[in-house]
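Protein chains: 2
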Amino acid sequence: MDTLARGSESSRGSAYGRSVIGREVRELDTPALLIDAAALDRNLRRMADDCAALGKALRPHAKAHKSPVVGLKQLAAGAVGVTCAKIGEAEVMIAGGIHDVLISTVVGSPAKAVRVAELAQESKVATVIDSETGARWLSEAATAVGTTVDVLIDVNVGQDRTGVQPEDALALASAVVGMRSLRLRGLQGYEGNLQHVYSLDERARRVGLAMDQLARAYSELSSAGFDMTWVTTGGTGTYRLGATRSFVTEVQPGSYIVMDADYLKVAGHPFEVALSVLTTVIGTYAGRAIVDAGSKSVSTDAGQPVLKDRMGIAFATAGDEHGKLTSEGDEVGELRVGQKLQLLPSHCDTTVNLHDVFYVTNSGTVEDVWPISARGRVQ
Amino acid sequence: MDTLARGSESSRGSAYGRSVIGREVRELDTPALLIDAAALDRNLRRMADDCAALGKALRPHAKAHKSPVVGLKQLAAGAVGVTCAKIGEAEVMIAGGIHDVLISTVVGSPAKAVRVAELAQESKVATVIDSETGARWLSEAATAVGTTVDVLIDVNVGQDRTGVQPEDALALASAVVGMRSLRLRGLQGYEGNLQHVYSLDERARRVGLAMDQLARAYSELSSAGFDMTWVTTGGTGTYRLGATRSFVTEVQPGSYIVMDADYLKVAGHPFEVALSVLTTVIGTYAGRAIVDAGSKSVSTDAGQPVLKDRMGIAFATAGDEHGKLTSEGDEVGELRVGQKLQLLPSHCDTTVNLHDVFYVTNSGTVEDVWPISARGRVQ
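In order, the protein sequences belong to chains B and F.
Heads up, the first sequence is in my numbering, so the first residue is 15 and it goes up one at a time.
Heads up, the second sequence is in my numbering, so the first residue is 15 and it goes up one at a time.
Mixed in with the good hints there might be a few duds.
The list makes no distinction among identical chains, and a pair is therefore deemed to hold if it is satisfied within one copy or across any two copies.
[Stated by the list, open to error] Okay, derived cross-link-like pairs now, SDA-like style, lysine to any residue, Cα gap no bigger than 25 Å in a straight line: (1) 354 x 146; (2) 138 x 320; (3) 354 x 147; (4) 87 x 160; (5) 322 x 146.
Read the hints as simulated data drawn from the structure, not as lab findings.
Put together the whole structure using the sequences plus the hints.
As structure tokens, then:
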């Protein structure tokens, strides 16, 4: 028996703890979510440099990593703050020391408005609105606690999710002006549906159309004298394209920090996959091997993960806690029980959300353990 | 503004706490995972009664609920113990007061064997084996800590995941007999691939073939004099069918306790859906409404969830934190921002694993909050 492995993995409760720091990565119990520290650092620097060159502010989306540790690194590299999908994520980021947050989802109830207002009392918190109802809830909540909330009008630029139609932005802006405790600052137009259009030409064409929608709202509101000094758009697949427009002041990419296998198919970005799920072969059989990672360890909403450095082997989830490996050739026949492999998730956001910690690796050694503190914060 | 809602939802940190007990369900912040207490109790009693009538022991699979609170209810209703997919789940169940656990997944490393052996020191813990390598790791680990581990041979009955072929079970049993600190008790043959075969006739036919495989291993090992007093099989879709065989002593269904929308299509069971995800309409637009639950709140590995009591409206995840509602008729047009709806997940196990607590409801009131303590315990 491998005594090193025993020592590092046998203590119950310490499985997710920092006691593994300094150990070899292959000693980690599995499944375990890994971040390659060097790849993450390169992604961090490339995005910061790119945004500086483009002349746009960078407000990375924290939904991808859900960890204030990573968010603080983004700030240290020049980001102006972070973006959060949920108020619960914003609460975790603020508790972790990040005090400039844009919540990119509209509030859907008076109670949510109260939570936003309470956060805005102590930190720089802005959010988006797309209805008079939501704006009024926010205004009342902010007034009740004696604070002011910065808001952006969420514009539907073609994703057909939330957001007012461009032609309706002016009416909403005019209504907001009459509400207490809200300060209209600009626009959000997120083209989430275009991030994974693989072809750069096709993506550029469609982002152009989306930015035309945002431009229409921008022009009408600017002409009417509204403050339009904060216009945010873009994800990892589109920020460079949106940033060609002068009215865009800020981009909010998330995935770039760790990336995933699906983004490898998206042409025209400089980022590399820093994320993987370490898994163990628990059985070898005629024509297949089984590993200990299934749909509770690696998400499949964007397809199956792929094996790192073993392109001849295909992975398919085989239930919540198992994965099945097969190969055209004999690659699978050469695997042995106990052997460890790395899976590259197809979707970083939903895979990260399944785990409690990142194991940060550097040249085969566990360098650090970072809590994914906002995991599960869907409220 | 609804002051009740403010009171119940506005305190940060208490979002997942017990302070909501006694409130109306519609006051809960969302997304929130609900359990209907009455439906759960009926499922609990039906399964217990059914297994008593069938003359088989019931060892419910805790992977479905991941909560010792629910496991203890199953024990109180007559279950002999629980089944767990992962050692981490078993650790949580034992810490929660459940001291009879079968781990239904083969160990894949010496370190995992050590964790099983350590658990077996203090509680009644059994597991399954399908290779001499795995058996030897377990034997060495159990010997090292001075305990004995009960083992079942995992037989492949057609799922083609783990398990020895029936014709190879005798050789493995013969090898295990020579190993210290292991006590061979019987067999596991899990037909996980047949749980969701919707047609009862087709499912019965295929379970028959699977049980023929298990019967072959059983006969050979019994004839050779091995202890075969523990033979476990069956899930929610198949336990009644497998239980027709006399050699089967125990069934391990999991989903029956809360069920899901996909299981509603599976004919021939008496269980009802007790699980739902409460979600809020955050925006209404031409031809669609958007709710605050996406793929981080409700799993889609078995398809999209469906709306409870609103069959005219279709749900589709629209990213990690949004869902899109559409309808053929005008049902969606009648929805209002702030309105709350219930989604019935397509797959209970993976949806439960996204949440930290169950909100237990009874006639529209929050009756209790149960921690999903084994959420994320994939190791």
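Here is how each hint holds up against the structure:
| no. | hint | result |
| --- | --- | --- |
| 1 | 354 x 146 | between (54 Å within a copy, 19 Å between copies) |
| 2 | 138 x 320 | neither (40 Å within a copy, 38 Å between copies) |
| 3 | 354 x 147 | between (53 Å within a copy, 16 Å between copies) |
| 4 | 87 x 160 | neither (32 Å within a copy, 48 Å between copies) |
| 5 | 322 x 146 | neither (49 Å within a copy, 29 Å between copies) |
The structure does not agree with the numbered hints 2, 4 and 5 stated previously, though it agrees with the rest.
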